[in-house]
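Trainee: Chains as they are written, first to last, in the numbering used here: chain Y, 40 to 128; chain S, 40 to 128; chain G, 40 to 128; chain B, 40 to 128; chain L, 40 to 128.
A couple of the hints might just be wrong.
Each pair may be met inside one copy or between any two copies, as identical chains are not told apart.
Subject to a maximum C-alpha distance of 25 Å in a straight line, what follows is the list of computed BS3-like cross-link-like pairs (lysine-lysine) [unchecked claim]:
#1 Lys123 to Lys76
#2 Lys123 to Lys57
#3 Lys76 to Lys57
Don't read these hints as lab results, they were simulated from the structure.
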Amino acid sequence: MILAKVIGTVWATRKDEKLVGTKLQIVRPVDLEYADKEGFFVAVDVVGAGVGEIVLVCQGSSARQTSTTENRAVDATIMAIVDKLDVAI
Amino acid sequence: MILAKVIGTVWATRKDEKLVGTKLQIVRPVDLEYADKEGFFVAVDVVGAGVGEIVLVCQGSSARQTSTTENRAVDATIMAIVDKLDVAI
Amino acid sequence: MILAKVIGTVWATRKDEKLVGTKLQIVRPVDLEYADKEGFFVAVDVVGAGVGEIVLVCQGSSARQTSTTENRAVDATIMAIVDKLDVAI
Amino acid sequence: MILAKVIGTVWATRKDEKLVGTKLQIVRPVDLEYADKEGFFVAVDVVGAGVGEIVLVCQGSSARQTSTTENRAVDATIMAIVDKLDVAI
Amino acid sequence: MILAKVIGTVWATRKDEKLVGTKLQIVRPVDLEYADKEGFFVAVDVVGAGVGEIVLVCQGSSARQTSTTENRAVDATIMAIVDKLDVAI
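Next up, chain Y with everything else stripped away, as it sits in the complex (with noise of 0.2 Å):
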């Protein structure tokens, strides 16, 4: 899973029919002291987050695994909030 931010939301109706209903947010990787890196992604949140959170994005066939996304075309899902981070090294 990667550490990413939600930065944001994308409005679409014209969209597969499974995917009805799904959150679809852009989320942004960030490294351990959640500073921005390159890039961004869209994925689906299961788990209620709003912009601005920390979270984990899981990619690939996983994040079809959740009752949301299940058999869905879905490749990346937030699945957890962040509370926080230790780094021990």
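Given chain Y, put chains S, G, B and L in place with the hints provided.
Mentor: Structure of chains S, G, B and L alone, referenced to chain Y:
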């Protein structure tokens, strides 16, 4: 999912039999202002996206989770047409 | 899927038993003018593509969604031979 | 699989229900001399790896092929603790 | 699949129970003249490849499509030993 722009079409009469009838679109990744990024790849369109439209592309095994792409040799699918982005940060 | 050119063949007599009979082609990614890009990889051909032809290559689990590659240790498949590209933008 | 070092832990109380009880470790890829490489990501630990240990991380759908991660939204799993490397070339 | 050279072995006594008995080889990608490229990763060997041999490595879920790696947390498998390459272009 990644944000991309439809820039053209691939014509291929000789293809795996299960791909007959699929529409193969050329897509180029774009940034949050819809400006072109590097590179391009080919995706099957399942939402009727035209050239120039901004779309979301789903990759990997999740690309097969639509009625058009199910059980087919497809690793990228255009599964939504973007209306607008709300970028808050 | 990515656009590539067939540039050669791999000979391998010692291989996983389920791969016997598959044709292992070397492919190099190309740009929209069919000029070589960096790198190369190996893909199983299921459409009879010859050396020099421009093809589409499907990667990941979707590479197994043809009758030739089903249930085999194959992560890249040539599943179409390109006739032409229409690039509009 | 890639070689990595466990460098910390992620705390996340709000997460997909199937992830409750999993241990989310932060790992950093290392080279053959165990020196840090760029970047980091988060993996579920199934072998009791502690901070500072050198481990193997399995990614993608294969990350779900353990009793701890089965059917869960997990795309990276620590599935071995490295004792030593024999590098001959 | 990618072309690589076997450069060593990983020893790991503490690992997921389904990985007991698998041979974990370190592989380094090579170019068409078998010269070393950057980086390395770890793959399970299912064809008896020795150190120094040039092999094909299959990645992702397809790495599990051999009798040795089926249902195991393995994301890269050495599934062929290369005899020679015919590069025509």
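Trainee: Taking the hints in turn, state whether each one holds.
Mentor: Hint check results:
1. Lys123 to Lys76: Cα proximity of Lys123 and Lys76: in one copy and across copies (18 Å, 23 Å).
2. Lys123 to Lys57: between (34 Å within a copy, 20 Å between copies)
3. Lys76 to Lys57: neither (31 Å within a copy, 29 Å between copies)
In this structure, only the earlier hint numbered 3 is contradicted, and the remaining ones agree with it.
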